[in-house]
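One letter stands for each residue in the lines below.
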Amino acid sequence: MAQNFYQKEIETMSPEDMKKLQSEKLVKQVKHVYENVPYYKNLMDEKGVKPEDIKGIEDLHKLPFLTKADLRDAYPYGLLATPLENCVRIHSTSGTTGKRVVAFYTQKDIDLWEDCCARAIVAAGGSKKDVCQVAYGYGLFTGGFGLNGGSQRVGCLTLPMSSGNTERQIQFMMDLNATILCCTPSYAAYIGESLKEQGYKPEDIPLKAGIFGAEPWTEEMRRSIEETLGIKAYDIYGLTESTGPGVSFECSEQTGMHINEDHFLAEIIDPDTGEVLPEGEKGELVFTSLDKEAFPLLRYRTRDICVLSRKKCSCGRTLVKMAKPMGRTDDMLIIRGVNVFPSQIETVLLKEGYEPNYQIVVDRVNNNDTFEVNVEMTSEQFTDKVSDVLKMEKSLANAMKIMLGINPTIHLVAPKTIARSEGKAVRVIDKRKLI
Amino acid sequence: MAIKQLTVFVPNRKGTIVAVTDILAKNNINMRALSIAETEDFGILRLIVNDETAAEKVLNESDYLIKVVDVVGVKIGDEPGKLTEALDVLDKADINVEYLYAFMARTEKHAYVVLRVENNECAENALTSAGFKLITEADVNKL
Numbered sequence: 008m009a010q011n012f013y014q015k016e017i018e019t020m021s022p023e024d025m026k027k028l029q030s031e032k033l034v035k036q037v038k039h040v041y042e043n044v045p046y047y048k049n050l051m052d053e054k055g056v057k058p059e060d061i062k063g064i065e066d067l068h069k070l071p072f073l074t075k076a077d078l079r080d081a082y083p084y085g086l087l088a089t090p091l092e093n094c095v096r097i098h099s100t101s102g103t104t105g106k107r108v109v110a111f112y113t114q115k116d117i118d119l120w121e122d123c124c125a126r127a128i129v130a131a132g133g134s135k136k137d138v139c140q141v142a143y144g145y146g147l148f149t150g151g152f153g154l155n156g157g158s159q160r161v162g163c164l165t166l167p168m169s170s171g172n173t174e175r176q177i178q179f180m181m182d183l184n185a186t187i188l189c190c191t192p193s194y195a196a197y198i199g200e201s202l203k204e205q206g207y208k209p210e211d212i213p214l215k216a217g218i219f220g221a222e223p224w225t226e227e228m229r230r231s232i233e234e235t236l237g238i239k240a241y242d243i244y245g246l247t248e249s250t251g252p253g254v255s256f257e258c259s260e261q262t263g264m265h266i267n268e269d270h271f272l273a274e275i276i277d278p279d280t281g282e283v284l285p286e287g288e289k290g291e292l293v294f295t296s297l298d299k300e301a302f303p304l305l306r307y308r309t310r311d312i313c314v315l316s317r318k319k320c321s322c323g324r325t326l327v328k329m330a331k332p333m334g335r336t337d338d339m340l341i342i343r344g345v346n347v348f349p350s351q352i353e354t355v356l357l358k359e360g361y362e363p364n365y366q367i368v369v370d371r372v373n374n375n376d377t378f379e380v381n382v383e384m385t386s387e388q389f390t391d392k393v394s395d396v397l398k399m400e401k402s403l404a405n406a407m408k409i410m411l412g413i414n415p416t417i418h419l420v421a422p423k424t425i426a427r428s429e430g431k432a433v434r435v436i437d438k439r440k441l442i
Numbered sequence: 163m164a165i166k167q168l169t170v171f172v173p174n175r176k177g178t179i180v181a182v183t184d185i186l187a188k189n190n191i192n193m194r195a196l197s198i199a200e201t202e203d204f205g206i207l208r209l210i211v212n213d214e215t216a217a218e219k220v221l222n223e224s225d226y227l228i229k230v231v232d233v234v235g236v237k238i239g240d241e242p243g244k245l246t247e248a249l250d251v252l253d254k255a256d257i258n259v260e261y262l263y264a265f266m267a268r269t270e271k272h273a274y275v276v277l278r279v280e281n282n283e284c285a286e287n288a289l290t291s292a293g294f295k296l297i298t299e300a301d302v303n304k305l
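Protein chains in written order, with our numbering: chain A, 8 to 442; chain B, 163 to 305.
Keep in mind that the hints are not guaranteed to be accurate.
As the list claims (entries may be wrong) - Simulated DEER-style distance windows between Cβ atoms:
#, chain 1, residue 1, chain 2, residue 2, range
1, A, Arg343, B, Ala267, 24 to 34 Å
2, B, Glu202, A, Asn49, 50 to 60 Å
3, B, Leu249, A, Asn373, 27 to 37 Å
4, A, Val283, B, Ile179, 55 to 65 Å
Read the hints as simulated data drawn from the structure, not as lab findings.
Note that the structure is predicted; figures quoted are calculated from it, not measured.
Beta carbons are placed, not taken as given, at the ideal position from N, Cα and C, and that holds for glycine.
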């Protein structure tokens, strides 16, 4: 199969050349930050590191980390590295886990970001002949604008739908023959279900590919979306702090996401000690921007737990690959001494035929952790017999025990009864923290 | 022949039953029979109403988890031993009763029993051959 690249020389660059390019850029980026961001200069001074100590990427480990807490402390302008008059846009996080984070962009920052998104679209098979339906939200959220920019750069006919109004999404998709859909995986699943309800079969739907990100999803969910829509579903990763979607993206191999490492230098660290881990080991993903003008972040801790791999990829790209994040350091629960990620619960639910609508409730009673999972059941699953419902609860608890090693108490509940905040389900209630 | 039973899933918490009955009342739906099975966590309400379609619609609109199932309704005399007679018939026909509930007729001197079994047709045949009279949807609507 012919492989297409958006920026072939970068995407297929030899590791040695990439290292050289990254080193040159890193030296400049560190100097830019040290001279323009007093907040980070202080961190470097405290650690006794001077910009001239950083001669290449081998010196990266000398730099101090930045965390989400730093971004909140420095809100709104504390990490800005260029006068505001040079900035042309901001984006912001949803703020569901605390104070908002605001990121600034110069025109060059936006251009590079859009290039990253364009690489993702081309890797998913996109070209100027495609009609790209962008159903991510447009606004402070980076999804809509990011993919919109990437789509236009590739030359696709771009449908700036934004999220919501599913009937209109379907009408435009069918009438204008959209071939690529960009949105969150949960919205893609929802659109798929709506199409199915309206009697459309996968072969009636013009889509060939989807680029889905901005929230965690599982392989099971990917297969289900691919089947319902009759497409190949590609993952895309990014975070507002470091630009937005397109930090990394999936190729035809669908076995991890290529990091745009000419712009974002990735490391995996031990989240407890901060020590850099060798390739292939699981740990916290850390990014260092290499080209940012307005909002450069050096050694930013993403809190995503994942693995990097430089194994040869059949798509021809040499860019390092990151596995789908297995969870977040701040998502991970330790229950009865066992690490539990909400994503594992989701995997079990999808395997067992449930919707991924659940809530984990952890408490401590008489010095023992209690572990309960509330799961919404569908009207198809519900029966009039108490014994059937109890059997379903028991079999789901068993399936979770096999996955996690510890036994939860399952409570099946009615649909739409699990609390949602700003549309995002509240996945974890850890009452132990309140004691 | 079977009659429709509306089954509603509710959490086992204060105020959840009244919320259901209130919706039915506001929509002028009359209940003929109501039985509740409960566990520590949840309850399952089983209802026979005069207008099952309307009840299903309004509860659906309020996002209740509901299921309509076919159950067997049988008329029995209002005397000691009559329920035993009916259950004996099913037992002899090797029919397992998942659950049942009964209610009195308002005017005539007999009662109705609602039976949930695996195979409605077998139960209906066994009961009618033994001389029992079954009730139909039409009967329920007239009650």
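Does the Cβ distance between Leu249/B and Asn373/A fall inside 27 to 37 Å? The hinted range 27 to 37 Å is violated for Leu249/B and Asn373/A, with Cβ atoms some 46 Å apart.
Outcome for the supplied range 24 to 34 Å, where the beta carbon pair is Arg343/A and Ala267/B: violated, 56 Å
Cβ distance range 55 to 65 Å for Val283/A and Ile179/B, holds or violated: holds, 59 Å
Starting from the hint 50 to 60 Å, judge whether the C-beta atoms of Glu202/B and Asn49/A obey it. Hint holds: Cβ distance 56 Å, inside 50 to 60 Å.
In the structure shown, a violation is registered for the earlier hints numbered 1 and 3, in ascending order.
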